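Asker: Listed below are the residues making up each chain.
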Amino acid sequence: MKLLIKNGRVIDPSTGTDETLDILITEGKIASLNSRIEAPDAEVIDASRLVVAPGFIDMHVHLREPGEEHKEDIASASQAAARGGFTTICAMPNTKPPNDNRGVTEYLVSEAKKRAVVNIFPIAAITRGLAGQELTDMADLGEAGAVAFSDDGQPVANSLVLRRALEYSRFLGKLIIDHCEDKNLTEDGVMHEGEMAYRLGLKGMPAAAEEIVIARDLILAELTRSRLHLAHLSTKGGLELLRQAKKKGLDVSAEVTPHHLVLTDESLASYNTNFKVNPPLRSEEHRRALVEGLKDGTIDIIATDHAPHTEEEKDVELDRAPFGLIGLETAVPLILDRFVQKNVISLERFVQLMATKPAELLGLKNKGRIAVGADADLTLLNLRKEFTVDVNHFASKSRNCPFSGWKLKGMAVMTIVGGKIVYQL
Amino acid sequence: MQEKIKARVMDATKIRRVLHRLTTEILERNRNLKNLVIVGLRTRGIYLGKRIAALIKELERVEIPVGVLDITLYRDDFSELETQHMVQKTEIPFPVAKKDVLLVDDVLFTGRTIRAAMDGLFDLGRPKTIQLLVLIDRGHRELPIRADYVGKVLPTSRKELVQVRLKEVDGTDEVLITEPAGK
Amino acid sequence: MSPEFSPQFRHYHLLGIEDLDAAEIMTILDTATSMAEISEREIKKVPTLRGKTVVNLFFEPSTRTRSSFELAAKRLSADIVNFSLQASSVVKGESLKDTVRNLEAMATDALVIRHSCSGAPHYIASFCRSHVINAGDGSHEHPTQALLDAFTIRQFKKRLKGLKVVIVGDILHSRVARSNLYLLRKLGAEVVLCGPPSLVPPEFSFWGAKIEYKLEEALEGADVIMMLRIQKERQKANFFPSVREYRNLYCLTETRFKLAKKDAIIMHPGPINRGIEIDSCLADSVQSVILKQVANGIAVRMAVLYLLLGGKEREAAD
Numbered sequence: 001m002k003l004l005i006k007n008g009r010v011i012d013p014s015t016g017t018d019e020t021l022d023i024l025i026t027e028g029k030i031a032s033l034n035s036r037i038e039a040p041d042a043e044v045i046d047a048s049r050l051v052v053a054p055g056f057i058d059m060h061v062h063l064r065e066p067g068e069e070h071k072e073d074i075a076s077a078s079q080a081a082a083r084g085g086f087t088t089i090c091a092m093p094n095t096k097p098p099n100d101n102r103g104v105t106e107y108l109v110s111e112a113k114k115r116a117v118v119n120i121f122p123i124a125a126i127t128r129g130l131a132g133q134e135l136t137d138m139a140d141l142g143e144a145g146a147v148a149f150s151d152d153g154q155p156v157a158n159s160l161v162l163r164r165a166l167e168y169s170r171f172l173g174k175l176i177i178d179h180c181e182d183k184n185l186t187e188d189g190v191m192h193e194g195e196m197a198y199r200l201g202l203k204g205m206p207a208a209a210e211e212i213v214i215a216r217d218l219i220l221a222e223l224t225r226s227r228l229h230l231a232h233l234s235t236k237g238g239l240e241l242l243r244q245a246k247k248k249g250l251d252v253s254a255e256v257t258p259h260h261l262v263l264t265d266e267s268l269a270s271y272n273t274n275f276k277v278n279p280p281l282r283s284e285e286h287r288r289a290l291v292e293g294l295k296d297g298t299i300d301i302i303a304t305d306h307a308p309h310t311e312e313e314k315d316v317e318l319d320r321a322p323f324g325l326i327g328l329e330t331a332v333p334l335i336l337d338r339f340v341q342k343n344v345i346s347l348e349r350f351v352q353l354m355a356t357k358p359a360e361l362l363g364l365k366n367k368g369r370i371a372v373g374a375d376a377d378l379t380l381l382n383l384r385k386e387f388t389v390d391v392n393h394f395a396s397k398s399r400n401c402p403f404s405g406w407k408l409k410g411m412a413v414m415t416i417v418g419g420k421i422v423y424q425l
Numbered sequence: 001m002q003e004k005i006k007a008r009v010m011d012a013t014k015i016r017r018v019l020h021r022l023t024t025e026i027l028e029r030n031r032n033l034k035n036l037v038i039v040g041l042r043t044r045g046i047y048l049g050k051r052i053a054a055l056i057k058e059l060e061r062v063e064i065p066v067g068v069l070d071i072t073l074y075r076d077d078f079s080e081l082e083t084q085h086m087v088q089k090t091e092i093p094f095p096v097a098k099k100d101v102l103l104v105d106d107v108l109f110t111g112r113t114i115r116a117a118m119d120g121l122f123d124l125g126r127p128k129t130i131q132l133l134v135l136i137d138r139g140h141r142e143l144p145i146r147a148d149y150v151g152k153v154l155p156t157s158r159k160e161l162v163q164v165r166l167k168e169v170d171g172t173d174e175v176l177i178t179e180p181a182g183k
Numbered sequence: 001m002s003p004e005f006s007p008q009f010r011h012y013h014l015l016g017i018e019d020l021d022a023a024e025i026m027t028i029l030d031t032a033t034s035m036a037e038i039s040e041r042e043i044k045k046v047p048t049l050r051g052k053t054v055v056n057l058f059f060e061p062s063t064r065t066r067s068s069f070e071l072a073a074k075r076l077s078a079d080i081v082n083f084s085l086q087a088s089s090v091v092k093g094e095s096l097k098d099t100v101r102n103l104e105a106m107a108t109d110a111l112v113i114r115h116s117c118s119g120a121p122h123y124i125a126s127f128c129r130s131h132v133i134n135a136g137d138g139s140h141e142h143p144t145q146a147l148l149d150a151f152t153i154r155q156f157k158k159r160l161k162g163l164k165v166v167i168v169g170d171i172l173h174s175r176v177a178r179s180n181l182y183l184l185r186k187l188g189a190e191v192v193l194c195g196p197p198s199l200v201p202p203e204f205s206f207w208g209a210k211i212e213y214k215l216e217e218a219l220e221g222a223d224v225i226m227m228l229r230i231q232k233e234r235q236k237a238n239f240f241p242s243v244r245e246y247r248n249l250y251c252l253t254e255t256r257f258k259l260a261k262k263d264a265i266i267m268h269p270g271p272i273n274r275g276i277e278i279d280s281c282l283a284d285s286v287q288s289v290i291l292k293q294v295a296n297g298i299a300v301r302m303a304v305l306y307l308l309l310g311g312k313e314r315e316a317a318d
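Protein chains in written order, with this note's numbering: chain A, 1 to 425; chain B, 1 to 183; chain C, 1 to 318.
In short, the hints are calculated from the structure, not lab data. Hints may be right or wrong, so weigh each one.
[Claimed, not checked] Partner residues are not named here, just some residues of chain C that face chain B (Cβ under 7 Å, in silico):
hint, residue
1, Thr31
2, Ser34
3, Glu37
4, Ile43
5, Val46
6, Thr48
Only a predicted model underlies this, so the values are computations on that prediction, with no experimental measurement involved. Think of the CB as a built atom: it goes at the ideal place given N, C-alpha and C, for glycine as much as any other residue.
The task is simple: from the sequences and hints, build the whole structure.
Answerer: This is the structure:
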């Protein structure tokens, strides 16, 4: 099956490419990349006026399978990803049962082959049962297909355990991703601790709870000379610590979610549970600092932390609602509309955040770039397309989206995975 | 609301003479002044009631107590009002049970205000008798209510307004017939 | 416009003092003045809300607020039903939304809600047809308490503007403190918040309050002293080390009371922890208006019911 994408504006930060090129895809790989390709037996896609980027990679998705398939499953999450312009997603291990053993990892890999329309790579647990005490068989899980390790949902609270995890994983070449939260400081909290929380009478989760753990984690990364990735960074202080660590030459990285870049704790004034998320939406001061981090390169990637919950679970008093919002189908338009269109970051930087850097962090050598021999994972963007977010058309099983009704400009109009068109507008 | 004055039916002199006449009628019919109490309906009924009490004091040297009744909570059109009425205080610092109560209001129209006033009075006690004094009776009764003492009978059309203005509230004594200015 | 008309109260729900302006607050207080007279009659009833149904939906225990609303409704001739759910509906698994919907199916006009979650009345107002009155939501607001407190202050001090009001206790967790702070500031009073630093966050000064950690300093020249309840659970959570220490520092004693103005009044939303928040002799003294607060609660709640339920049925705002 040959696919010829003609006249698209090809943007690939890994090679510094930004020009109009044709791309020929054969058997799931990029066969040719040139200004005018002729391939009479290929299916032609007219990408004029579109941007062609390496397929976007979301390193932080909660599939909810196994165990909570009513919220989301491998198939629906992959369709949501495709609709959102993602060609690869990574599944966090806090499922039921958790992904801390080879059985679950293999299940995910084989089910994804059968039912997923995009690439799904598992992120396996750092500790057994996500209990933070004993390390999992990381090499074994890596062999089964895990691309990184995380206990997301909780921090690895015991510093000694995290130290050992960092040391042990060094020879695997795979990232340890920490969810940085001091659970004692955030106990019973439901939103960011600040003036807004006091006003609404809701228990707050102080920024310090994240910053303290980030500080500890960075010191351990230095001690163990290993790589470390910070999940869903949300604080000004945490960002600054990361900046200093990078200056020192540590191999550390971080991700930020679209909602932390766009929303603040003011959204909670309506007590709408679609704004209840962990880490919480913070005050404007923090949001602005994160945007600066996006611009100056301190932040490496954007990841959605796509966290589906059913309507029944979210349609309750704020205190009782679970944390989380979905993000696969809104991430790309949000960042395009709020930051690229407004010239806060360049289109090239955007692609770097969405594809180049995630591929690099995960060590996926054939993804995140458009070059002969690379996997034919591509995202086609229409920067001019305006639309209104309508949750009723989402492919996700869940509807806990805070951006319902937002008018955005710019979106993915076609997603190609392994040379196959898995989504088109 | 712009309004058009159609007629000035009473001036200060007329009002004074009418109140004088009404007072003598009251005295004629109420032998036992000691049992008489006056209850004025907000707002202008209060001042009319006070003036009558002052006249009785002048003529008979008897002090008749005057109380204030607010009927907002007894209205029968409560659930249909576009804007709510401000509830004011009812101040009747004397018992009404077994008394001859003289209710005083400025204008008698449909009769509903008086019905509400009687309900309000009954919640405070069981009067011996209730008599009604109004300055103007403008007709268009919707309930079987009649006044015992009437200052002036004024035939009006439904869309007209009768406005009693008193010095204590409006700075001048007069009675006007007005019409809302149509467009 | 004729003074008999009060266009100042245009709300469909009463969710918090935050949503009211000074004119609306005055309308409620003035209406309450007229309502108070009804409780002094022999027949304590007027027919105004005849045929209306009010439901007390209390998810937290309460004797005085609930019975206060009950009497207020009854004095206006409304029908009232009491539901004290506490944890039972949660135990049975029924969601808050279903509980409310089931009640509404019985053709209710107003729901009086007390809930331990801040924002619960707002959540309920988003889907129910009836008028919602917040009788206390978590740590967020308790508007009728603040209104009856203001009514009581006005009764004794004839005004609110320019008065020095000191609120003492667990400010952080207190919905009474928040509602009172908003109301008093809207009406021009000076508010001082006093308690241990762990229970009085500096952010409260953003809303116009002065913060004082020493009770003696706070009480200087106070016109009104409002003592709040201290909950023993807060001690377990290390907000203060012990009840003994709290009492030593924050109990309103006779000695401390002398620092206030000579005619200062003492208030407390109740129930009182005698000897911890306030000395018994002061709680029972002539300057304590605590029982007046309770009586005024009924008049204020009658005013709120009247203003919300009276008049043509308005469309519930979004």
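Asker: Take the hints in turn and mark each one as holding or not.
Answerer: How the hints compare with the structure:
1. Thr31: Since the shortest Cβ distance to chain B is 5 Å, the answer is holds.
2. Ser34: At 4 Å from the nearest chain B Cβ, Ser34/C passes the 7 Å test, so the hint holds.
3. Glu37: holds (6 Å)
4. Ile43: Interface hint status for Ile43/C: holds (5 Å vs cutoff 7 Å).
5. Val46: holds (4 Å)
6. Thr48: holds (4 Å)
In terms of the numbered hints stated before, the structure departs from none.
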